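Put together the whole structure using the sequences plus the hints.
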Amino acid sequence: MAPPVSELNNRAREIFRLVVEGYLASGHPVGSKTLAGTGALNLSPASIRSVLQDLQDAGLLAAPHTSAGRLPTEQGLRLFVDGIMQVAEPTAAERAQIERGLAAGGSIEAALAAASSALSELSAGAGVVMVPRAEPRLAQVSFVPLSPDRALAVLVSEDGGIENRVLELPGATPPSALEAAGNYLTRCLAGRTLAEAARDIRREIASGRSALDAAGRDLIERGLAVWSEDNYEQSGRRPVLIVRGQARLLDEAALGDIERVRQLLDELEGAEAIASVLDAAREAQATRIFIGSENRLFSLSGSAVIASPWRDGEGRVVGVVGVIGPTRLNYARVVPMVDFTAQSLGKLIASDGFSRK
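Take the position in the sequence shown, starting the count at 1, then add 1247; the result is the number in our numbering.
Hint data in this document are derived by calculation from the structure and do not stem from the laboratory.
Given the structure is predicted, the values throughout are model-derived calculations rather than measurements.
Don't take every hint at face value.
With a cut-off of at most 16 Å between alpha-carbon atoms, the simulated EDC-like pairs for lysine to aspartate or glutamate come out as follows [to be verified]:
#1 K1594 / E1561
#2 K1594 / D1559
#3 K1594 / E1346
Next up, the structure:
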């Protein structure tokens, strides 16, 4: 495990910072002669090499070749991002480019495509935007007896959609229990998604605060189980995922590591897999950074994901926007751009700036 940044002395910390920043800027390892030549350290190359070796022994740096200089490991990048990096605000030109794309008008899909394209152009990575599958807000729930040991559960959403599921009952369930369970769920679920209400319902039943009998409680538990997230996925509600700028990953620095880039491009073809990665950022309060093997999907290509949730006018998470690229992304510059794009998308949807085509 890499040491915390507080354990690095000032000299080691400064050399480590210069190596990481030099690598992120060029994509190439940074050597002691290069560091000595900057004049920022006032140290001989031999002294710098000694510190570089200590940082390598600590797991923060690696040497791809004997005399090729050092580059940060994934642990080193994580230490840099969490403890050393100074985030810069997006420039006026960057903010204008993002806002210009979103202000072009059109459908929601067009605005999301504009956001991902702008991020790709500004970051030199692949821009991604995801809107999770729509979870309907419910209006009514009812249970219709089919036989002594089966019932039809009917969910009616606020938009008029109807979904049915057949429930297997443990034994003869009286019609009164079916009616009571339907009324109870309608009261608890009305105006909410199933996911929002399920936890509160289970907590209320477990605490004994519900007025349901044992048959009603069992019926509700079976109803919640049959409408689990897996069932919603099977009903065809797939996330909207837009990826732009894959070609930007094929820059000059990538030519020496073309196999890694090929692997990344292959990974970007898996829409559902990428959606699962971005889904991990939905509950975050701010921008999240996944570096290399910290995310299983991109562990083979050694890539990085910078993602931020965007919210509607009521503060609910609507989707996730981000950048996917090599681990040498300019984190200090890309993180605030992703955050600004998420905020801009949130303001646009809050102001009803999308057409309803």
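Outcome of the hint check:
Distance hint between K1594 and E1561 is fulfilled; the C-alpha atoms sit about 11 Å from each other, no more than 16 Å. Taking the CA atoms of K1594 and D1559, the gap is near 7 Å; set against the 16 Å cutoff, the hint holds. For a cut-off of 16 Å, the pair hint linking K1594 to E1346 stands: about 11 Å separates their Cα positions.
Checked against the numbered hints given earlier, the structure satisfies every one of them.
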